[in-house]
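Participant: Letter by letter, the chains look like this.
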Amino acid sequence: MPATKDITEAVFQETITRAVNEVFNTMLGKKATLVPLAPGNHTASDTVDLEHPHIVGTVGFIGTINGLIYLYMDVGFAQHCAACMLGMSDTEIAEAGDETVNDAIGELTNMTVGTFKNQLADRGFPCKLTIPSILRGSHFRIEPISSATRRIYRFDIGGRPLTADLLMQHGD
Amino acid sequence: MRYKLLSVDDSKTVRIIIKKAFKLYDVEIFEAANGVEGLALAAKEIPDVILLDVTMPVMDGVEMLTKLKGDPRLKAIPVVMLTAEGGKDHVLKIAKIGVRDYIVKPFKEEVLVQKVGRIIDLKPISDAPAKAKSIFDSANLLIVEDKPAIVAQIQEGLKHTPWQVHGVATTGEAIDYCGRNTADFIMISLSLADDAAATLFRVLRANLKTKYTPIFGLAVKTDSNAQQQAQQVGFTGIATKPIDMAELEAKVAKAMNLDTSERYFSTDVDLLLMKLPELCTPNVVNEITGYLKGKVADAVDSGINKVVFDLQEVKRLDMVIIKLLLTAMQSCREVALQYTLMGNAAIVAESKGYEDTRGWQFHENIEAARQSFQKAPVAV
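Chains A and B, in that order, are what the protein sequence lines are.
Read in my numbering, the first sequence has 101 at position 81, and its numbers run on one by one without any break.
Read in my numbering, the second sequence has 117 at position 114, and its numbers run on one by one without any break.
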């Protein structure tokens, strides 16, 4: 069985990029472009302006590899994505309330992490998805435990930023 | 028969997308948020197809599928997995339990409809009798014809209708148009090269969106071979060149199952108006006769007790029209409706020449007709 260390940085980057692109293109008709980051260790707050309200969707994957992915988007973009997905206008989605937006972002995250982990599963790392959860707020910071490796990817989706925070547990 | 589709997914978003995807089809959708709710609804409704997610709280999709297949009453219900769990091993494991199809999220609504359409005979909701469209509603007509003059002739001939006539020259353009739009009526030139009309017909019939769309062949009047072949292939009907636009319009309306009664019948406060058109061909008279009893009954049902037969636009009175009017008058008498007539000078003069119509009194306008009812209980 292959080990996690066999997965190169390039594979992680290609896999997450393909996953984000496939989901946003299929469900919302939007193209996602990976924005290169300067070399070095990053946290989500390096790429996300958490001074303003954000919605973060998270889904984990457990099996021969374990980890989770957080998708960060500002509230306005999240509402726009939810509206596109559900065929509603921006006004209608605002009237539909936070719960509807949360559910849509949870599902977008679920699809993105699903597409990511399915590619890894086909490379010999089978795992299952967890149920999505949502964080909302501003001025917060998510810290990984010490046994996790963090990778940050930033995407431009029609001029709006999306940050994917990939945490993989060591020793898998 | 209305098909039942059960959607089992913990995401309300996915359930809304599913409802959206099938909103144009005559399908009743039931929703459950987990396997327990899904099993209960499946047992209660016995759906024709189940769309099932895998990762859900309370009871996941794999457990629900296993229980479903273990229940003699439910095991035959086709299940389509709709899940983000798509690794090859995972799909194979679930396939072994018994699923009809497997869709990995993200998914396009069209793919969903297409796959479900392979299991149940999805019918567009517009085919349901209650949704009959009127002759005054807009409709999209697609003409597949490589001769621009013919397309222009049809567009010109139908420009008085609320229909949008869109012309394309090739089968590729036609398929592309049908993918992006909903065509209510399609007419394909039977003289397209390489038997393209029959090929296009088959492609359109295989597509869920155009499966029930009326498709006509367009051929030269004398080309009986082409017309015969088109009928064998299954074309809904044939139109011939040179095109008789009135005939084509009537055929298109009939093929689209349009309610044309509003052309001839309307209500004005307490009156039912039956208006005969300028050209009262035998086909038109048949059409009006077909609506007559229903319209009279509807009038009585809604409290209307007076009818005006309007012949103001009719050019000449002939036996076909007289027979129609006598039938209409008899229908009115049967339900005690008062009636009178409106007509132009030529019609009034002609009416004096027939035994049956000599005694008819015509009024010049609707107000005069209305006043006549106040003078006499039954005005003829």
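Hints may contain errors.
[To be verified] Here are the simulated lysine-lysine pairs, DSSO-like style, with alpha carbons at most 30 Å apart:
no., chain 1, residue 1, chain 2, residue 2
1, A, K148, B, K78
2, A, K25, B, K91
3, B, K212, A, K51
4, B, K99, B, K136
5, B, K72, A, K148
6, B, K70, B, K136
7, A, K50, B, K257
8, B, K150, B, K22
9, A, K50, B, K26
10, A, K51, B, K23
11, B, K118, A, K51
12, B, K15, A, K50
13, A, K148, B, K326
14, A, K148, B, K22
15, A, K51, B, K296
16, A, K148, B, K296
Treat the hints as calculated values from the structure; they're not laboratory data.
Participant: A separate judgement is required for each hint: does it hold in the structure or not?
Facilitator: Hints, one by one, checked against the model:
1. Straight-line distance between C-alpha atoms of K148 (chain A) and K78 (chain B) comes to about 26 Å, which keeps the hinted pair within the 30 Å bound.
2. Straight-line distance between C-alpha atoms of K25 (chain A) and K91 (chain B) comes to about 22 Å, which keeps the hinted pair within the 30 Å bound.
3. Restraint check for K212 (chain B) and K51 (chain A): the C-alpha separation of about 27 Å stays at or below 30 Å, so the hint holds.
4. At most 30 Å may separate the alpha-carbon atoms for a hinted pair to count; K99 (chain B) and K136 (chain B) exceed this at roughly 46 Å.
5. Only pairs whose Cα atoms come within 30 Å are accepted, and K72 (chain B) paired with K148 (chain A) is accepted, the gap being roughly 23 Å.
6. Distance hint between K70 (chain B) and K136 (chain B) is unfulfilled; the C-alpha atoms sit about 45 Å from each other, more than 30 Å.
7. For the proposed pair K50 (chain A) and K257 (chain B), the alpha carbon gap of about 42 Å is over 30 Å, so the pair is violated.
8. For the hint pairing K150 (chain B) with K22 (chain B), the CA-to-CA distance comes to about 41 Å; that exceeds 30 Å, so the pair is violated.
9. With a C-alpha separation of about 24 Å, the suggested pairing of K50 (chain A) with K26 (chain B) holds against the 30 Å cut-off.
10. With a C-alpha separation of about 23 Å, the suggested pairing of K51 (chain A) with K23 (chain B) holds against the 30 Å cut-off.
11. In summary, the hint linking K118 (chain B) to K51 (chain A) is supported, as the alpha carbons are separated by about 26 Å, within the 30 Å threshold.
12. For a cut-off of 30 Å, the pair hint linking K15 (chain B) to K50 (chain A) stands: about 22 Å separates their Cα positions.
13. For the proposed pair K148 (chain A) and K326 (chain B), the alpha carbon gap of about 77 Å is over 30 Å, so the pair is violated.
14. Among the hinted pairs, K148 (chain A) with K22 (chain B) is consistent with the structure: their alpha-carbon atoms are about 27 Å apart, no more than 30 Å.
15. Restraint check: the Cα-Cα separation between K51 (chain A) and K296 (chain B) comes to about 59 Å, which exceeds 30 Å; the hinted pair is violated.
16. Annotation: proposed proximity of K148 (chain A) to K296 (chain B) is violated, straight-line Cα distance about 66 Å (limit 30 Å).
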